[in-house]
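Enquirer: Use these hints to put chain U onto chain H, whose structure you have.
Protein sequence lines, in the order shown, are assigned to chains H and U.
Under the numbering used here, think of the first position of the first sequence as 289, with each following residue one higher.
Under the numbering used here, think of the first position of the second sequence as 77, with each following residue one higher.
Mixed in with the good hints there might be a few duds.
What the hints assert, rightly or not - In silico DSS-like pairs for lysine-lysine, Cα to Cα no more than 30 Å straight-line:
1) H:K385 to U:K768
2) U:K524 to H:K339
3) H:K369 to U:K1038
4) U:K1038 to U:K983
5) U:K232 to U:K129
6) U:K1038 to U:K996
7) U:K983 to U:K962
8) U:K731 to U:K717
9) H:K369 to U:K528
10) H:K369 to U:K557
11) U:K359 to H:K369
12) U:K510 to H:K385
13) H:K372 to U:K528
14) U:K962 to U:K1038
15) H:K339 to U:K1046
16) U:K359 to U:K565
17) U:K510 to H:K369
18) U:K464 to U:K108
19) U:K962 to U:K1069
20) U:K528 to H:K385
21) U:K731 to U:K689
22) U:K464 to H:K385
23) H:K339 to U:K528
24) U:K969 to U:K731
25) H:K339 to H:K369
26) U:K359 to H:K339
27) H:K372 to U:K359
28) H:K385 to U:K524
No lab work stands behind these hints: they were computed from the structure.
As the structure is a prediction and not an experimental result, all values here were calculated from the model.
Below, each chain spelled out in residue letters.
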Amino acid sequence: MLLVYCPYCGVSRPETEFSCRGEAHIARPADPAQTSDEDWVNFLYMRSNTKGVYVERWRHIHGCGRFFNAVRNTVSDDFLKFYKAGEPMPDLEELAKEAGK
Amino acid sequence: MSQPFRTEKGGRIDRSEQFTFTFDGEEMQGHKGDTLASALLANGIHLVGRSFKYHRPRGIVTAGSEEPNALVGIYRNGDQTPNLRATQVELYQGLEAISQNRFPSLGFDVGAVNDRLSMFFPAGFYYKTFMWPKSFWDKVYEPVIRAAAGLGKPPKNPDHDSYGNLYAHCDVLVAGSGPAGLSAALAAAESGAKVILCDEQSEFGGSLLTEANASIDGMAPSDWVAETIARLGAMDNVTLLPRTTAFGYFAHNYIALAERVTEHLASPDPKLPRERLWQVRAKEVVIASGAIERPMVFPENDRPGILLAEAGRTYLNRYGVKVGHKVVVATACDTAWQAAFDLDDHGVEIAAIIEMREVPPESLVAIAKARGIRVEAGCVITGTLGRKRIKSALLGRLMTSGQVASGGQVECDALLMSGGWTPTVSLYSQSRGKVVWDADSGAYVPGKSVQKERSVGGAKGLYGLQATLEDGYAAGEEAAKAAIGTSKKVTYAAASGGEAGEGGTLGALPHDRNASKVKAFVDYQNDVTAKDVKLAVREGMQSIEHIKRYTTTGMATDQGRLSNMNALQIASGALERPVTDVGLTTFRLPYTPTTFGLFAGVARGDFFDPVRKTPSHDWVVDNGGVFEDVGQWKRTWYFPKSGEDMHAAVARECKTVRESVGLFDASTLGKIEVVGPDAAEFLERMYTNPWKKLAPGRCRYGLLLNDAGFITDDGVIGRLADDRFHVTTTTGGAPSVFATMEDYLQTEWPDLDVWITSTTEQYAVAAVQGPKAREVIAPFIEGIDLSNEAFPHMSVKEATFCGVPCRLFRISFTGELGFEINVPRRHGKMMWETLAKEIEKHDGTSYGTETMHVLRAEKGYIIVGQDTDGTVTPQDAGMTWAIGKKKHDFVGKRGLERPDLVSENRKQFVGLLTKDPKVKLEEGAQITTAENPATGTPAEGHVTSSYFSPALDRTIALAVVKNGHALDGKTLYVPMPDRSISVEVTGPVFYDKEGARINV
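So here's chain H without its partners, still in its complex pose (with noise of 0.2 Å):
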């Protein structure tokens, strides 16, 4: 079972207390009226799948309620970062380089 920080509450906690919502950054089209077909399907369903290195959204669901973000290696499930939404996207290169020392 992972163990997720919440960067509101400050705590880590069990997966359990958590819901991951997928992968983060993907944001609605400002304006969907303007927005093409493609964009629109790339926007609701294609996502990177990577394996290695990934931002995905997480919610303390069973805690404060609130979305944040959370950088995680899909290969050997570390965590490499935790921060609020709205913050912009780590340098996940760099992030990547940090782990593997």
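Expert: Then chain U, alone, in the frame of chain H:
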């Protein structure tokens, strides 16, 4: 009573306390401190079971949890637990054990005919034999295979034991308490770390309890264990868990332990659980799981009386039991020689030491010579004689040519063997670490750590008492340093004796027998022979993963701990590829068999899943209502009067609602309070409908899509004030709608000033529906003019019910005049009982979900999740009226414009009337254009809802059908196994098409 194989003295058993136990009904004696295995051996019993496939007589092979043969059933409290390893079952007064997989008795087993017919049961015979005729599968093959499969018989009754569960955190978890584990625990604990030390055995000490020829700090090893455990036990930062198996190593240093709490006691405290699951999050883990000895693969190596050498030594030194009176020791490594010497010390005749190596160490040969023990170097065992117990061993001399020459026969009543040692890397492997091949020791050892763990001592292939102790201390210090930032150098104990040995062998031993006739077992428990592994390779299996599955080698309860390395070597030989190219199968959890009870814990029976009850629950029970489960909710299905079946009850309930009035518990519907300056804007974006112009005091049906454009939920939403909405959802959709709203609010539109709160549990809701609904509620409602003009359909207002604040909705899911009264949940019982009494005065009825379904189907109202399946759009459902045409955006709007969603041939929501009004369609039945379509014809759609309608006095159905909206009046077919049913397509509204009944 005599225990003919008990030593005169020694061992860790308590000779002053004698226990009586039975095995297959026969009464025997043992001592406190015995396992069932050691007590049986003390009584001279080696034959304890029959093998899985060939029903060959089998005896105890090991002294540990890896035991493949001695699986027994234990009776307790009138029930039997099968497949327990006799080597782990601790003896207590009155223990009742039975052998398994034999009929009619262990001594005479008719299944043993399989052994003589074994040429018909090679590896993979399942895949080859039971192929045809196809009709034989259900009636013949499967019942026969099922009856023959497995070892023990499952218990007949539900598990009467209870199981505990607890979570624990520690700095350092040490799994295993041999020399390395104990010293690691001591070093970590002395450094100040919070330590948990667990061991699967009843006593701490591991191999130290077997070691008779060594000393630590001048003490006997077992005394050093006692002193160390006392030291650890006195420290507040240490938790000692004997009888506790670390059986699973998960991500982020999460380790599951199974503690056996009461099974070893004759009459345990009934308040205690049988087992306890420890879910431990450890900052650092020390894996001290040791190493186990490998069997030698020679013909007939499975006779009762053949054990591993170290097991023989353990039975002698720890349990005071001699495995035989005349023992042959067959080995390829040094350590087994000590077993011969220890037995010799207790007066056991050593018939011979059969050493595979041409030149064994001179020091050992000298000791053997001094003791007068016959040593045959450069020899192997080529077979054994004796049916239910070994009587003699056949010797073969290894020639330089690679051939084997017969070396005669040695009489014996037990044979100890050692093919060398295999590190137990199971936990390391479970931690996702990759093992690496160590050519020097001929073993796979842990490679790089993936998680915060370190393997020590035997578990990483390090042997020798002094070296192991030192490795443990160092690992304990390192683990403490890593976990808490500091460590203390403890004084290392000094050991003498217990030196590491040399030697070892892998794979099948050469012999001079007819290879097609003899069986040399690789995996005892699954009856896999060396021949089977070679056959698998001949038949094209190349990967060890395939060989494993084809032969089932390594798939026994020990997970191949005993068999894997021998099987690998045999496969590597047959494939003519080095061992490292053949690969190694993955060790998975659980490390040893683990009970389902442990995983279930308290989540059984009533505690399996929470039950959600509405405030009418007790009243419904008292009044004979029948419940159905809707998710976790108990909802009333129907209310039968005496003599009524469900059909009659539902018909009466439907008729009563349409003619007078009915009362329905709608408390389970999801409720969400949406509040804030931007509440209307938020709903405008979430739902398809327009909300900004909805006046306070008015309601609107809301349709919720996902961004793909498909219907996901619906419900009536009432506006209580400019900045406050009362949203209702479907019963099942409540959590996901709430989560979806939170998601959009937090992540897409954080600019909106809105609060949402789940209020499902805050309100009890009674729906009063029918022409007399107004008369029923009127006496109790204060603060509202209930007239049709003042409070028309789709109104909402706050008022009081019997003086209690309520939210009154005028809405209908039946097509009749209807009200839904929301009161604080604590007043729900009062409301229900008040209304139930009142409707009686109006010849009304309480009704359940079945009637609700029929009434709404008569009106063509959809149920999301029943009439829709996640691929239905509002257009498909004929609900374009619910879409706010002028809205620039809402969730799903862009999705609805996708080419596939506006294309022809979409399945659309329609009504169906069977030509024969008595025939009721099956929900889920497929719909076709041809009366008797050819096999493989795609369906045009399917039936989503189907009922008998009392109002129409005929059956009705709802369906989704390709281009259904254009098929009004057309005939389609519903082919069933026995006939094809013709149906006419209609609109989905069957009753009161103009909707007049609602507005009265």
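Enquirer: Look at each hint and say if it fits the structure.
Expert: Results of checking the hints against the structure:
At most 30 Å may separate the alpha-carbon atoms for a hinted pair to count; K385 of chain H and K768 of chain U exceed this at roughly 51 Å. A threshold of 30 Å between alpha carbons decides the hint, and for K524 of chain U with K339 of chain H the separation of about 21 Å falls inside it, so the pair holds. The straight-line distance between the Cα atoms of K369 of chain H and K1038 of chain U is roughly 49 Å, outside the 30 Å bound, and the hint therefore fails. Taking the CA atoms of K1038 of chain U and K983 of chain U, the gap is about 4 Å. The hint holds against a cut of 30 Å.
With a C-alpha separation of about 24 Å, the suggested pair K232 of chain U and K129 of chain U falls inside the 30 Å cut-off, and the hint holds. The straight-line distance between the Cα atoms of K1038 of chain U and K996 of chain U is roughly 21 Å, inside the 30 Å bound, and the hint therefore holds. This hinted pair checks out: K983 of chain U and K962 of chain U have alpha carbons roughly 26 Å apart, not beyond 30 Å. Taking the CA atoms of K731 of chain U and K717 of chain U, the gap is about 14 Å. The hint holds against a cut of 30 Å.
With a C-alpha separation of about 18 Å, the suggested pair K369 of chain H and K528 of chain U falls inside the 30 Å cut-off, and the hint holds. For the given pair, K369 of chain H sits about 24 Å from K557 of chain U by alpha-carbon distance, which is consistent with the 30 Å threshold. A hinted pair counts as satisfied when its Cα atoms are at most 30 Å apart, and K359 of chain U with K369 of chain H qualifies at roughly 19 Å. Only pairs whose Cα atoms come within 30 Å are accepted, and K510 of chain U paired with K385 of chain H is accepted, the gap being roughly 22 Å.
Between K372 of chain H and K528 of chain U the alpha-carbon distance is near 27 Å, which keeps this suggested pair within the 30 Å criterion. Distance hint between K962 of chain U and K1038 of chain U is fulfilled; the C-alpha atoms sit about 29 Å from each other, no more than 30 Å. For the suggested pair K339 of chain H and K1046 of chain U, the alpha carbons sit about 53 Å apart, so the restraint of at most 30 Å is broken. At most 30 Å may separate the alpha-carbon atoms for a hinted pair to count; K359 of chain U and K565 of chain U meet this at roughly 20 Å.
Among the hinted pairs, K510 of chain U with K369 of chain H is consistent with the structure: their alpha-carbon atoms are about 25 Å apart, no more than 30 Å. A threshold of 30 Å between alpha carbons decides the hint, and for K464 of chain U with K108 of chain U the separation of about 28 Å falls inside it, so the pair holds. At most 30 Å may separate the alpha-carbon atoms for a hinted pair to count; K962 of chain U and K1069 of chain U meet this at roughly 28 Å. This hinted pair checks out: K528 of chain U and K385 of chain H have alpha carbons roughly 19 Å apart, not beyond 30 Å.
For the suggested pair K731 of chain U and K689 of chain U, the alpha carbons sit about 27 Å apart, so the restraint of at most 30 Å is met. Taking the CA atoms of K464 of chain U and K385 of chain H, the gap is about 63 Å. The hint is violated against a cut of 30 Å. Between K339 of chain H and K528 of chain U the CA atoms are separated by roughly 22 Å; this keeps the pair inside 30 Å, and the hint holds. Of the supplied pair hints, the one linking K969 of chain U and K731 of chain U is violated, its CA atoms being roughly 40 Å apart against a limit of 30 Å.
Of the supplied pair hints, the one linking K339 of chain H and K369 of chain H holds, its CA atoms being roughly 17 Å apart against a limit of 30 Å. Using a Cα cut-off of 30 Å, the hinted pair K359 of chain U and K339 of chain H holds, with the two alpha carbons roughly 26 Å apart. Annotation: proposed proximity of K372 of chain H to K359 of chain U holds, straight-line Cα distance about 26 Å (limit 30 Å). The suggested pairing of K385 of chain H with K524 of chain U holds, with an alpha-carbon distance near 18 Å, which does not exceed 30 Å.
When each numbered hint is compared with the structure, violations occur for hints 1, 3, 15, 22 and 24.
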